[in-house]
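J.: Okay, here's what each chain looks like letter by letter:
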Amino acid sequence: MAGAAHRDERAAHRRSALGRVRGLGSAKEGVQHWWMQRLTAIALVPLLVWFVASILAHIGADHANLQLWIGSPVVFALMLAMIGAGFWHMALGLQVVIEDYVRSEALKLGLIVFVQFAALALALAAATALLVIAFGG
Amino acid sequence: MPSRARPVSPHLQIYRWQLTSVMSILHRFTGVALALGTLLLVYWLIAAAMGPAALATAQACLGSPVGQLLLFGWTLALFYHLANGIRHLFWDAGLGFELPHAYRSGWAVLVATLLLTLGVWVCAYSQMEWL
Numbered sequence: 001m002a003g004a005a006h007r008d009e010r011a012a013h014r015r016s017a018l019g020r021v022r023g024l025g026s027a028k029e030g031v032q033h034w035w036m037q038r039l040t041a042i043a044l045v046p047l048l049v050w051f052v053a054s055i056l057a058h059i060g061a062d063h064a065n066l067q068l069w070i071g072s073p074v075v076f077a078l079m080l081a082m083i084g085a086g087f088w089h090m091a092l093g094l095q096v097v098i099e100d101y102v103r104s105e106a107l108k109l110g111l112i113v114f115v116q117f118a119a120l121a122l123a124l125a126a127a128t129a130l131l132v133i134a135f136g137g
Numbered sequence: 001m002p003s004r005a006r007p008v009s010p011h012l013q014i015y016r017w018q019l020t021s022v023m024s025i026l027h028r029f030t031g032v033a034l035a036l037g038t039l040l041l042v043y044w045l046i047a048a049a050m051g052p053a054a055l056a057t058a059q060a061c062l063g064s065p066v067g068q069l070l071l072f073g074w075t076l077a078l079f080y081h082l083a084n085g086i087r088h089l090f091w092d093a094g095l096g097f098e099l100p101h102a103y104r105s106g107w108a109v110l111v112a113t114l115l116l117t118l119g120v121w122v123c124a125y126s127q128m129e130w131l
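Which chain is which? The protein sequence lines are F and C, in order. So in my numbering, spot 59 of the first sequence is number 59, and the numbers just go up one at a time. So in my numbering, spot 29 of the second sequence is number 29, and the numbers just go up one at a time.
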């Protein structure tokens, strides 16, 4: 008994600082969720400002103009980045809201699964639409 | 010792709201609203992918009074969440936690939200007239 405890203690000492903090928290994923929410937030600040300004510049644009705009490489890449960061940020944020306010464990799990699949589906739909607009002819 | 009936919490009639907590709730509220609003964005993109006719229908829908109201709500929620999100990022960096500072940044977020939303819509309407 004492020997096992001693071995555990020695094993804990041998772990690096990174190893000790890895996998902390109730979900055993450390600060990953928190960190990705911040990273996507930082990315979305310039992306959304650009997006709103661009939409303003394209009010009343017809289909051909829109194709020309979205078809340009920089616009296409920025739109994809906004869609990726945006829906990722959305999934992370909605998950926190669900975890905080839904009490039933089954409903909580079900809603989180739904939100993650919905975010992925919307991101895929948006990205596919973008591809068709840019390269669909 | 007779105990007086104490007000139970939260006693909403006499509860004094604080700017800081209301803004925290609004951050979550606008986040959920924006999540619903992404449906509009995806709808618009899919319509554009389907061709000129579908796009024209979508533009007409979004340009209708109800569509414009939804878009106005979307821009309001977006600028609030954006500005308050930046405020949160500063807090994450350990800056601006003191109460007077938190109140000042809170008011700044509200003013910025209002100005940016109005700015976008003044810009949008002047563009529409110009066309």
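These are calculated hints, taken from the structure and not from any lab test. Each hint should be verified, as a subset may be incorrect.
[Claimed, not checked] Pair ranges (Cβ atoms, derived): (1) C:Leu62 / F:Phe117: 35 to 45 Å; (2) C:Ser24 / F:Glu105: 24 to 34 Å; (3) F:Ser104 / C:Glu129: 49 to 59 Å; (4) C:Leu114 / F:Val74: 46 to 56 Å.
[Said to hold, decoys possible] Listed below are several chain F residues computed to face chain C (Cβ distance under 8 Å; list not exhaustive): (5) Leu47; (6) Leu56; (7) Ile59; (8) Val97; (9) Ile98; (10) Ile133.
Remember, predicted model here, so these are calculated numbers, not experimental data. Each residue gets a CB set at the ideal place from its N, CA and C atoms; glycine is no exception.
J.: For the hint 24 to 34 Å, verify it against the beta carbon of Ser24 of chain C and that of Glu105 of chain F.
T.: With Cβ atoms ~26 Å apart, the hint holds.
J.: Go through the hint on Ile98 of chain F and say holds or violated, using the shortest Cβ distance to chain C against 8 Å.
T.: Given a least distance of 10 Å, the restraint on Ile98 of chain F is violated.
J.: Interface hint check: Leu47 of chain F, Cβ to nearest Cβ on chain C, cutoff 8 Å. Holds or violated?
T.: Violated: closest Cβ of chain C sits about 10 Å from Leu47 of chain F, beyond 8 Å.
J.: Regarding Leu62 of chain C and Phe117 of chain F, is the given constraint of 35 to 45 Å on their beta-carbon distance met?
T.: violated, 27 Å
J.: Take a look at whether the Cβ-Cβ distance between Leu114 of chain C and Val74 of chain F falls inside 46 to 56 Å.
T.: Since the Cβ atoms of Leu114 of chain C and Val74 of chain F sit about 31 Å apart, the hinted range of 46 to 56 Å is violated.
J.: Classify the hint on Ile133 of chain F as holds or violated, based on whether any CB of chain C lies nearer than 8 Å to its CB.
T.: holds, 5 Å
J.: Should the hint that Ile59 of chain F touches chain C count as held when the rule is a Cβ pair under 8 Å?
T.: It holds, given that the least Cβ distance between Ile59 of chain F and chain C is near 5 Å, below 8 Å.
J.: A closest beta-carbon separation below 8 Å is what the hint needs, so does Val97 of chain F meet it against chain C?
T.: holds, 6 Å
J.: Can you tell me whether the CB distance of Ser104 of chain F to Glu129 of chain C sits inside 49 to 59 Å?
T.: holds, 52 Å
J.: Return the status of the interface hint for Leu56 of chain F: holds when the least beta-carbon distance to chain C is below 8 Å, violated otherwise.
T.: holds, 5 Å
Hints 1, 4, 5 and 9 from the earlier list are contradicted by this structure; the remaining hints agree with it.
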